[in-house]
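Chains as they are written, first to last, in our numbering: chain A, 1 to 299; chain B, 1 to 160.
For the record, the hints were derived by calculation from the structure and aren't laboratory data.
Note that the structure is a prediction, hence the values are computed from the model and not measured.
Glycine included, each C-beta is placed from N, C-alpha and C at the ideal position.
Warning: the hint list may mix true and false statements.
[What the hints assert, rightly or not] Label-pair ranges, simulated between beta-carbon atoms: (1) B:N11 with A:G51: 33 to 39 Å; (2) B:E31 with A:E275: 36 to 42 Å; (3) B:W159 with A:E161: 51 to 57 Å; (4) A:V157 with B:V93: 23 to 29 Å; (5) B:W160 with A:K26: 56 to 62 Å; (6) B:K33 with A:G78: 31 to 37 Å; (7) B:G157 with A:D221: 42 to 48 Å; (8) B:C41 with A:Q33: 27 to 33 Å.
[As the list claims (entries may be wrong)] Covered, in the sense of this in silico footprint (three residues per stretch, anywhere, with C-beta under 8 Å from a C-beta of chain A), are these stretches of chain B: (9) 9 to 17; (10) 85 to 98; (11) 123 to 129; (12) 142 to 153.
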Amino acid sequence: MRNLLGLKAIPEIEYHRPAELSEALKLLAELKQNYKIVAGGTDLVPAARRGGVSFPEHGHTIDISGIKELAYIIEDSGMVRIGAMTRVSDIGESAVVKKHVPILAEAADQLGSLQIRNLGTIGGNLCNASPAADTAPPLLVLDARVNVKNIDGQRSVPLTEFFTGPGQTILAPSEILTEIQVPIPEATAGLCFVKLGRRNAFTLSVVSVATLVRLKDGTFDDVRIALGAVAPTPIRASKGEEYLTGKQTSEQTIDKGAKIVAGEVKPISDVRAGEDYRRDMSYILTKRAINLSVQRARG
Amino acid sequence: MKVPVETKVNNKPYKLEVEPRFTLLEILRDELKIKSVHRGCEDGECGACTVLLNGKPVCSCLVLAPQVDGAEITTVEGLLKDDELHPLMMAFVENHAIQCGYCTPGVIMTAYYLLNNLTEFTDEEIRKGIEGNLCRCTGYVHIVKAIKAAKESKDSGNWW
């Protein structure tokens, strides 16, 4: 078959399409680290066309999109459990997600475009480990954990430890992300997600912020702040969180807390924004998000 | 190494042998000669290659060919009834929502999905819905107008 724009063709690959997780785990073990995993394809396929994917010898590619047992959203003992192959659009539309963790649905709705959300998966969004991954900040403030499996067993890892650098995760050779576990926050918690891009529609985040606030007698009982696109990985702003916890919810305190957050981010300059702008916006958006969270926590 | 794929395109079943590195876009255009599916950015950005995969709009340039095994695909040809234009297409014609036409088949497929699934038809909701379809001619004003006209058409029973 000819490709009219031959330069943009994907190189030849050795293709595997397991129908079951057990089959995939066996393949992963056999191939050691000589494979690429593809799920929704929204990151891997364009990167492969640009020559931006270093396929291993023989180009072994394991397509997990046929593994039906990895696509689900269920509520189970105080958690929302989401299979790694769940499409982003299914998360945005899920009644369970909207009811229990609405900021995750909001973030999912703002990821990419309708066409991208219909293909892209939550597991792929996390494993691609973009600093700007839109599902990461909400999951980070919700204290989500991920389940990772290989042929010998599984381990559960807090999402805060999952990312190790741009495009890098703790996944070892022959391991695969299978499930995201999101603890359902108490009804009194105030949550917020804000995303700033270069335009309103179909855009990569320049800065994104998610916050969770719990109040007790006018003071911050629990504060969680996560940011995307302002560090080598999506991060929790622990210094800002520490400063605010136990303090009164006054305007000055929140302002100071947001400034501390802007001090602890490590943004880069790229085509979308400069370092200074990202730092300034980390301050502004954190302040806004905390204020909104406080309002929501007050009900 | 080719992979067997059974798929339905516009309600017609196909048994294909595909190279797994090719995408749905290449299968539709080069193998099945469905040239309404336009090759744009090949990056998932422009939406010119949008088709419905099991009823949902996707960029066909991002779907590996074997991933459509067992799936149903719809392109604009699938909306025709005995070569008669679909009311949605007529709305695009009547509202001058087409200039160069390159984005049109993709926009139509997204619009078809929105018309069957959106609950609110405000300008904002429609614009949000078509965010993945770039049109460099119309400024979207006439496209939004056409989608609203198609909604009226649908509500009045002129639809299939």
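query = In terms of beta carbon proximity below 8 Å, does the region 123 to 129 of chain B have 3 or more residues touching chain A?
reply = Satisfied; 3 residues make the cut.
ask   = Per the hint of 33 to 39 Å, is the separation of the Cβ atoms of N11 (chain B) and G51 (chain A) within bounds?
value = holds, 37 Å
task = Using the beta carbons of C41 (chain B) and Q33 (chain A), state whether their distance is inside 27 to 33 Å or not.
result = Holds, since C41 (chain B) and Q33 (chain A) (Cβ atoms, about 31 Å apart) stay within the stated range.
key: chain A covers the region 9 to 17 of chain B, three or more CB atoms within 8 Å, holds or violated   = With 0 residues closer than 8 Å to chain A, the region 9 to 17 of chain B misses the three-residue bar; violated.
task = Please test the hint of 23 to 29 Å on the beta carbon pair from V157 (chain A) and V93 (chain B).
result = Since the Cβ atoms of V157 (chain A) and V93 (chain B) sit about 55 Å apart, the hinted range of 23 to 29 Å is violated.
task = For K33 (chain B) and G78 (chain A), compare the CB-CB distance with the range 31 to 37 Å and indicate the outcome.
result = violated, 54 Å
ask   = Does the Cβ distance between E31 (chain B) and E275 (chain A) fall inside 36 to 42 Å?
value = Violated - the Cβ-Cβ distance for E31 (chain B) and E275 (chain A), about 47 Å, lies outside 36 to 42 Å.
task = Indicate whether the distance between the beta carbons of W159 (chain B) and E161 (chain A) respects the range 51 to 57 Å.
result = At roughly 52 Å between Cβ atoms, E161 (chain A) and W159 (chain B) fall inside 51 to 57 Å, so the hint holds.
Whether chain A covers the region 142 to 153 of chain B (at least 3 residues having a Cβ closer than 8 Å to its Cβ atoms) = Violated - the region 142 to 153 of chain B has 0 residues with a Cβ nearer than 8 Å to chain A, which falls short of three.
key: Hint check for K26 (chain A) and W160 (chain B) - Cβ pair distance inside 56 to 62 Å   = Violated, at about 47 Å.
message = Within 42 to 48 Å: is that where the Cβ-Cβ distance between G157 (chain B) and D221 (chain A) falls?
response = violated, 57 Å
key: Assertion that chain A covers the region 85 to 98 of chain B - criterion: three or more residues, beta-carbon distance below 8 Å   = violated (count 0)
Checked against the numbered hints given earlier, this structure breaks hints 2, 4, 5, 6, 7, 9, 10 and 12; the rest are met.
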